[in-house]
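Asker: Below are the chains, spelled out letter by letter.
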Amino acid sequence: DAGVIQSPRHEVTEMGQEVTLRCKPISGHNSLFWYRQTMMRGLELLIYFNNNVPIDDSGMPEDRFSAKMPNASFSTLKIQPSEPRDSAVYFCASSSPPGTDNQPQHFGDGTRLSIL
Amino acid sequence: AQTVTQSQPEMSVQEAETVTLSCTYDTSESDYYLFWYKQPPSRQMILVIRQEAYKQQNATENRFSVNFQKAAKSFSLKISDSQLGDAAMYFCAYRRYGGATNKLIFGTGTLLAVQP
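So the sequence lines, in the order shown, correspond to chains A and B.
In this text, residue positions in the first sequence follow our numbering: the first is 4, and each later residue adds one.
In this text, residue positions in the second sequence follow our numbering: the first is 17, and each later residue adds one.
Hints in this document: simulated from the structure, not taken from any laboratory.
Note that this is a predicted model, so its numbers are computed, not measured.
Please note: incorrect hints may appear among the correct ones.
[Stated by the list, open to error] Anything over 10 Å on all C-beta distances counts as not near chain A; from chain B, calculated:
1. Gln30
2. Glu31
3. Ala32
4. Glu33
5. Ser46
6. Gln73
7. Arg79
8. Ser81
9. Lys94
10. Gly101
[Said to hold, decoys possible] According to the in silico footprint, chain B covers these stretches of chain A (three or more CB under 8 Å from chain B):
11. 43-50
12. 89-97
[To be verified] Just a few of them, taken from the derived set where beta-carbon distance is under 7 Å, the chain B residues facing chain A:
13. Phe51
14. Arg59
15. Leu63
16. Thr124
A virtual CB, placed ideally from N, CA and C, is assigned to each residue, including glycine.
Construct all of the structure, not just a fragment, from the sequences and the given hints.
Answerer: Right under this line is the structure:
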């Protein structure tokens with residue numbers, strides 16, 4: 004089975020540029036999560052979707068961040084304009100929908116983002 | 017709001033020895049799930065073990081086992097016969113049971129070093 008697929012694996016860009024991170028969840032998983040990991044703040048949930056609908060975006064740091072899930076097999080996290088403090092590893096994870104059994108979240112390999 | 021606390025930022029163990037990583041959590045709910053994830057230097061997030069709160073029996077997965085103390089809200093991870101490949105960051109996580117959300121709440125992690 005293919006796991007959660009994220010692209011790109013690494014991204015280096017200059018501040019002010021638009022950055023788009025991509026995620027393909029595991030087939031059949033209806034919930035999708037975007038996390039950010041930094042040394043200072045650890046793992047932070049940015050936003051999550053159930054059935055392509057954003058449920059909780061309270062973790063999105065500011066208006067420069069936006070996430071979409073146009074269909075069940077694809078999601079994007081966009082930062083525009085990017086700033087050096089956005090440098091982090093961004094993870095996407097997917098799981099079975101709430102109310103089902105205790106299937107855990109499965110994580111992608113993450114995107115290491117560096118904003119110069 | 018639920019919280020997860022890992023009070024040991026770093027731990028060290030000799031190869032072949034046993035180590036226990038601590039995790040406590042705070043919740044007013046009676047049904048929930050608990051997880052331990054491992055993040056090696058490759059940065060993948062790998063599920064190690066999971067526990068349903070309604071089960072009294074402690075979960076085990078090969079060399080990994082938990083000590084789940086529901087009344088004390090404690091969920092420690094024991095690694096037996098430690099191997100060099102066990103060196104990683106370990107995260108404890110909580111997820112409520114049912115409802116409209118399957119959001120994970122993570123602790124800050126414990127960095128485990130394994131000495132040869």
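Asker: For each hint, tell me whether it holds in the structure or not.
Answerer: Structure-based check of all given hints:
no., hint, verdict
1, Gln30, "27 Å, holds"
2, Glu31, "27 Å, holds"
3, Ala32, "29 Å, holds"
4, Glu33, "27 Å, holds"
5, Ser46, "15 Å, holds"
6, Gln73, "15 Å, holds"
7, Arg79, "19 Å, holds"
8, Ser81, "17 Å, holds"
9, Lys94, "19 Å, holds"
10, Gly101, "18 Å, holds"
11, 43-50, "holds (count 3)"
12, 89-97, "holds (count 3)"
13, Phe51, "6 Å, holds"
14, Arg59, "5 Å, holds"
15, Leu63, "5 Å, holds"
16, Thr124, "5 Å, holds"
Hint compliance for this structure: no hint is broken.
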